[in-house]
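Q: Once you've looked at the hints, dock chain F against the given chain L.
Residue numbers (numbering that gives the first Met the number 0), protein chains in the order written: chain L, 0 to 278; chain F, 0 to 278.
In case anyone wonders, no lab produced these hints; they're calculated from the structure.
These figures come from a predicted structure and were not determined experimentally.
Fair warning: there could be bad hints in the mix.
Which copy is meant is left open, because identical chains are indistinguishable; a pair holds if it fits in one copy or across any two.
Stated by the list, open to error - In silico DSBU-like pairs for lysine-lysine, Cα to Cα no more than 35 Å straight-line:
#	residue 1	residue 2
1	K79	K223
2	K168	K11
3	K168	K44
4	K44	K253
5	K44	K232
Number of protein chains: 2
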Amino acid sequence: MKIIDTPEEMQKQARLLIQSGEDIGFVPTMGCLHEGHLSLIRIAKEYADAVVVSIFVNPAQFGPNEDLDAYPRDFERDEKLCRETGADFLFYPTPQNMYLDGHSLWLSEESLSTVLCGASRPGHFRGVCTVVAKLLNIVMPDVMVLGEKDAQQLRVLRRMVRDLNFPVKIIAAPTVREADGLAMSSRNKYLTPAERKEAVCLSRSLEKAKALFAAGERDAERIKAAMRAVIEKTSGRIDYLEIVDDETLQCVSKLENPALTALAVKFSGARLIDNAVLR
Amino acid sequence: MKIIDTPEEMQKQARLLIQSGEDIGFVPTMGCLHEGHLSLIRIAKEYADAVVVSIFVNPAQFGPNEDLDAYPRDFERDEKLCRETGADFLFYPTPQNMYLDGHSLWLSEESLSTVLCGASRPGHFRGVCTVVAKLLNIVMPDVMVLGEKDAQQLRVLRRMVRDLNFPVKIIAAPTVREADGLAMSSRNKYLTPAERKEAVCLSRSLEKAKALFAAGERDAERIKAAMRAVIEKTSGRIDYLEIVDDETLQCVSKLENPALTALAVKFSGARLIDNAVLR
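In isolation and in its complexed conformation, chain L is listed as follows (with noise of 0.2 Å):
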């Protein structure tokens, strides 16, 4: 496996890997690697020749007050991780490398992103979608692999791969979960061991949705009541429980349409998100 830490560098090797024939996979991630990771490396080298990882903490991503600093970092593990998986090259770019100064080009996404995360996180998806399109650039990857976890996140990047033609087919991997249900994040560590109790109150709750769903219930109003109870049982503080249409991610109140039902739950350690789709 080949690090490598500038966008000319990598340009350079996916210019080298097109040229001889082979297909690229990227996985995009911001380090601190988990098994949901993994699982996308793995199914990157399903579809691809050569499979690229990038790590990078994005700080475009992050509000003002949010965990950029305390984002957890460690290299050696996730190269580690990264080789033993199989990923062939691992791009890691300092923030000075990925903007310049007087960088002042930014992507907006101006549908999709105003509700559920984007409204709790202002400027979250202008950040990524900003820096994904400069990945997509600098790895010139024919496939991507995005996890289901980030739900909105990966409607966000296939709409802006859609608007601006990027040529690259994204492919969606189901979200990894712990034993006990509790979709797997880089900042579940953050968590206290009560609250990492508490926290399969998340895939509960969306338990609760699909099984409330499967006998028939279309009243968005009360299964998200249903699911409210369930973390309201917990020290965890709702920062949003929403049923949004899949594709338009507008609020429903019945459930005609594939639905996606997502929430976000505030611990005093972590902010944590999960989401299912009910179709």
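A: What follows is chain F alone, placed relative to chain L:
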């Protein structure tokens, strides 16, 4: 010369060219081609194996009170000129193919775009950056040739390519002028015969600036006053007339570093722009 009207087909052709090892040169235009555009095509041919010309009157870069509907269009003539000048592909998409229903992704350049034409035409460079990002992803060129006549556009797009790491090299081509010095523009045909004669005032004012600069004048206000005097002898109304730093596009009072002098003048039939670098 192959005429292509969908982004999908253009992207497919671009991939084939790349796979066969050919370098792609790209000239984006809004059609109504004149000798200025043809010079860009000829330059692209010097740098690349295959030359793609796009013709797309981009609705997103016109303001609500601008001349989108009136913008001159003559596809048959343009096609003939492209063919004669040696273009290999003519990409001619419809607005519906370029902006799909629910298009919600926009680029914005937040520094260089705020002055000169950007101040007079709010949203213009947002439209320009968005469509050029799309075109770069569709045509996948190694080289893009842009005219120096659109000085601010050239600098904004250079910034876009830098900040978003687009894998393309931008070549700037000198402005092509009529015999009397008027910069060629698709909008010149809107001028009345009397205005056409007066329109030489733009290039004359730039010549005046260059002469003063060559004679040692470094005071921006004095140079601008002399330029304004040239315009004010005509029926043209100055939209802007500025001397700015060539890198940052911020106004300068003393000319110490390379400076861009740029102006826009409104006649009854058309708003014309021109510029020169003083170094």
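Q: Hint by hint, say whether it matches the structure.
A: Going through the hints against the structure:
Taking the closest pair of Cα atoms, K79 and K223 never come within 35 Å of each other, the shortest separation being 42 Å inside a single copy and 62 Å across copies. When the C-alpha separation of K168 and K11 is checked against a cutoff of 35 Å, the pair qualifies both within a copy, at 21 Å, and between copies, at 14 Å. Taking identical chains as interchangeable, the C-alpha atoms of K168 and K44 lie at most 35 Å apart whether they share a chain (14 Å) or sit on different chains (31 Å). In this assembly of identical chains, the alpha carbons of K44 and K253 never lie at most 35 Å apart, being 40 Å within a copy and 58 Å across copies at closest.
Taking identical chains as interchangeable, the C-alpha atoms of K44 and K232 are never at most 35 Å apart, the minima being 42 Å within one chain and 69 Å between chains.
Violated hints for the displayed structure, listed by number in ascending order: 1, 4 and 5.
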